[in-house]
Amino acid sequence: MKKTSLLFMTVLFLSSFLITTNISAQERQGPPPNGEHKGPPGGGHNPEQTESLKQMKGYKIGDTAAYFKLKNIDGTMFSLSDIKNAKGYIVVFTCNECPFAKMYEDRLIALHTEYAPKGYAVVAINPNVSASNEKESFAAMQQRAKEKQFPFVYLADTKKEVFPMFGALRTPHVFLLDNAMKVQYIGTIDDNARSAKDVKVKYVEEAIASLENGKKPNPNFTKAIGCPVKAD
Amino acid sequence: MRIGFLFSVLLIPFYFGMINSNITTTVVTSFDKNKTIPVYDFEELEPLLYTNDDKVYIVNFWAMWCAPCVKELPVIQEYKKNNPNVEVLLVSLDFAEDIETKLIPFLDNKGITSKVVLLDDPDANNWIDKIDPTWSGSIPFTIVFDKNNRSFHERAFNTIQDLENVLIQTTKNN
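Heads up: the protein sequence lines correspond to chains A and B, in order.
Numbering follows the UniProt record's numbering, with no gaps: position 200 of the first sequence is 200.
Numbering follows the UniProt record's numbering, with no gaps: position 42 of the second sequence is 42.
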C-alpha cells in the first residue's frame with residue numbers, strides 16, 4: 001500500500017514537470033525563432049553583399065581615375081570633364097535610403113556650396129540605383145534631389161561599372177581627386193556621422209586645404225560605418 | 001525492485017524534461033519584455049571581443065538599416081540553436097534612441113534571442129582599425145574567435161554550412 005502511494009505521488013510529481021516543460025515549449029513556438037525569411041524586409045531591397053575589402057579592387061591613393069559617363073538626374077549624360085576649370089572633384093558614392101547617407105546630405109550640400117566656386121564640386125553617384133527597388137530607382141533619386149534641392153549632380157551607376165572602378169564599398173564613401181584626376185583622399189566626410197555639431201575633424205575639407213597648399217592630405221585614408229554598396 | 005526500476009524509467013523523461021526546460025527557459029527569458037540592450041562605446045565593447053575560456057564566439061556587427069545583415073541574422077540564429085555551446089554576440093550599429101521603439105520590436109518579431117549590444121561610438125575611423133585593419137567599415141562584419149584563434153569576415157553568411165565551415169577553419173589548430 002505504502003509503495004503504491006509512493007509510486008503514485010512520484011508519477012504525479014514528475015508529471016507536473018512534464019506539463020511545465022510542454023507549456024514553455026509551446027510559448028517558444030509563438031514567434032518562429034528561426035523562420036526562413038524570404039527576402040529582406042523594408043520594401044523591396046534586393047541586395048547582394050560585395051566581397052571583402054581585400055577582394056575588392058579599386059583605386060588606391062595616387063592612382064589616376066579614369067573618366068566615366070553616367071546619367072544625371074536631369075536626364076543628361078555627365079562626365080567630370082564637363083566641369084570647367086576644376087581644381088579637383090569630390091566624388092561621393094551615396095544613395096537615397098541609407099541612414100548614414102541621409103545624415104550627410106546637408107553636409108554634402110554645404111561642401112558643394114562652399115567649395116564648388118573654389119574649384120571643387122561635389123559629384124554624387126548612386127551605386128545602389130535599382131529599377132526593382134522603388135526607393136533607389138532613378139525616379140526616386142530625382143525625387144530626393146528635388147526635395148533636398150541638391151546643388152550638385154546626382155548620377156546613376158545603372159550598369160554598376162563605376163563603383164567597382166573606384167572601389168566604393170559603402171555609402172557615403174568619398175574619393176577626392178585633384179585636377180589631374182589623381183586620387184588624393186579616400187574615406188569619410190568627417191569624424192561624426194550622427195552629429196554634425198560634434199564633428200572634430202572635417203577630413204574632406206582638410207584634404208582640400210592640403211591640396212590648396214600644395215601638400216598631400218594627411219590622413220589620406222579614413223574608415224567609417226556605412227551602408228553596403230549593392231552589386232545586384 | 002520493481003518499484004526501483006519503474007522509478008528510474010520515470011526519471012528518464014524527467015531528466016530530459018529538465019534539459020529541455022532549461023534550454024527553453026534561456027530562450028524565452030533572453031528576450032522578454034523587460035529586455036534592455038546595453039549601449040557601449042568601443043572601450044566598453046572591446047573586452048567582449050576576446051576570451052580566456054574554452055568557448056567559440058561569433059561576434060556579428062549589423063544594423064536594421066543593413067539589408068544583407070537582416071538577411072543573415074536567421075542563419076546565425078539557426079547556427080546558435082544547433083550549437084548551444086557557441087556564444088553569439090550581435091553588435092547593433094543602430095541608433096540608441098531607436099532601441100525601445102524599433103530595435104527590440106524588430107528582434108522580437110524576428111525571433112532573435114542572441115545577446116545584443118548597441119555600439120554607439122562616433123569615431124569609427126579609430127575603432128574599426130582596432131578591431132581589424134583590413135575591415136573597410138562595411139557591414140555585415142563577423143569575428144569568429146576562441147582563446148587561441150581569430151578570423152574576420154567582411155561579408156554575409158548566406159548558409160549555416162558556410163558559417164560552420166568558417167568555425168571549423170578558425171578553430172582547427174586547437
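Note that these hints are calculated values from the structure, not bench results.
Idealized CB from N, CA, C, for every residue including glycine.
Keep in mind that a hint or two might mislead.
[Unchecked claim] Taking lysine to aspartate or glutamate pairs in the DMTMM-like style, the calculated list, with each CA pair at most 25 Å apart, reads:
| no. | chain 1 | residue 1 | chain 2 | residue 2 |
| --- | --- | --- | --- | --- |
| 1 | B | 102 | A | 206 |
| 2 | A | 197 | B | 162 |
| 3 | A | 182 | A | 147 |
| 4 | A | 57 | B | 132 |
| 5 | A | 102 | B | 162 |
| 6 | A | 102 | B | 123 |
| 7 | A | 135 | B | 98 |
| 8 | B | 110 | B | 162 |
| 9 | A | 216 | B | 123 |
| 10 | A | 202 | B | 129 |
| 11 | A | 87 | A | 198 |
[Stated by the list, open to error] Over 10 Å on every C-beta distance to chain B, these chain A residues come out as not near it, computed from the model:
| no. | residue |
| --- | --- |
| 12 | 78 |
| 13 | 160 |
| 14 | 169 |
| 15 | 170 |
| 16 | 178 |
| 17 | 191 |
| 18 | 195 |
| 19 | 206 |
| 20 | 222 |
Hint numbers the structure violates, sorted upward?
Of the numbered hints, 1, 2, 3, 5, 11, 14, 15, 17, 18 and 20 do not hold.
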